[in-house]
Amino acid sequence: MRDLDELFAALQRSRFRARVRLEPKDQAYLDRKGLSVALAEARRFVVARLAPAEPPNDGKQTPLRGHPAFVAQHATATCCRGCLAKWHRIPQGRPLAENEIDYVVRVLHRWLAAQARSDQPIHESIRQMRLF
Numbered sequence: 001m002r003d004l005d006e007l008f009a010a011l012q013r014s015r016f017r018a019r020v021r022l023e024p025k026d027q028a029y030l031d032r033k034g035l036s037v038a039l040a041e042a043r044r045f046v047v048a049r050l051a052p053a054e055p056p057n058d059g060k061q062t063p064l065r066g067h068p069a070f071v072a073q074h075a076t077a078t079c080c081r082g083c084l085a086k087w088h089r090i091p092q093g094r095p096l097a098e099n100e101i102d103y104v105v106r107v108l109h110r111w112l113a114a115q116a117r118s119d120q121p122i123h124e125s126i127r128q129m130r131l132f
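Counting in our numbering, the sequence shown runs from 1 upward without gaps.
Among the hints, a few may not be true.
Mimicking SDA-like on lysine to any residue, the simulated pairs with C-alpha atoms at most 25 Å apart in a straight line are [said to hold, decoys possible]:
| no. | residue 1 | residue 2 |
| --- | --- | --- |
| 1 | Lys25 | Gln12 |
| 2 | Lys86 | His67 |
| 3 | Lys60 | Pro95 |
| 4 | Lys33 | His109 |
| 5 | Lys25 | Leu35 |
| 6 | Lys60 | Ala85 |
| 7 | Lys86 | Phe16 |
| 8 | Lys25 | Pro52 |
| 9 | Lys33 | Glu23 |
| 10 | Lys33 | Ala85 |
These aren't lab readings, by the way, just hints derived from the structure by calculation.
Please model the complete structure; the sequences and the hints are all you need to start from.
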C-alpha cells in the first residue's frame, strides 16, 4: 500500500485519472445522502467487487457511473485488482485483508472529500472522457 500523498501526486500525473470529476447528479447524491452514507456504500462495493482473490469480470466490475464511489474508484485506480496492483502495490490473486479494504476506503474518502470541497466547475463527465 502506498502513502496517500505519494499516491495522489501520481494520480494527478495520469491524463485519465486527473480528469475524472463527479457529475452534477453524483454531487447531488453526496449532498443529499452525505459522505458517510456514500462511504458505507463504497465499503460494501469494495468488499463485494474487489476483495475476492479473483473477482468476477475483473477489470470490468466497476461501472463508470451510477454512484459517486464508482467515479471515485476510477479516479483513484481502485476499480479493479489490476489497478490495485499497479497503483497501490496490493498483490492480485489473494483476498484483500481487512486493512487493505480500510486503505481503499480511505483513498475513496480522500478523493470524494476533495471533490466535495472543489471550487472547480464539474464540467467533464466520464462519458466525455471515453473519447480520449
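Hey, lysine 33 versus histidine 109, does the alpha-carbon distance stay inside 25 Å? Holds, at roughly 14 Å.
Pair hint outcome, lysine 86 versus phenylalanine 16 [Cα-Cα no greater than 25 Å]: Measuring from Cα to Cα gives roughly 15 Å; hence the hint holds.
Lysine 25 and glutamine 12: Cα distance at most 25 Å? 24 Å, holds
Pair hint outcome, lysine 60 versus alanine 85 [Cα-Cα no greater than 25 Å]: 15 Å, holds
Regarding the pair lysine 60 and proline 95, is the alpha-carbon distance no greater than 25 Å? 18 Å, holds
Hinted pair, alpha-carbon criterion (25 Å max): lysine 33, alanine 85. Please report holds or violated. 31 Å, violated
Check whether the Cα positions of lysine 25 and leucine 35 lie no farther apart than 25 Å. 14 Å, holds
25 Å Cα cutoff - pair lysine 86, histidine 67: Holds. Lysine 86 to histidine 67 sits at ~24 Å (cutoff 25 Å).
Proposed proximity, proline 52 with lysine 25 (alpha carbon, max 25 Å): 30 Å, violated
Please verify whether lysine 33 and glutamate 23 have alpha carbons no more than 25 Å apart. 15 Å, holds
Hints 8 and 10 from the list above are not met by this structure, while the remaining hints are.
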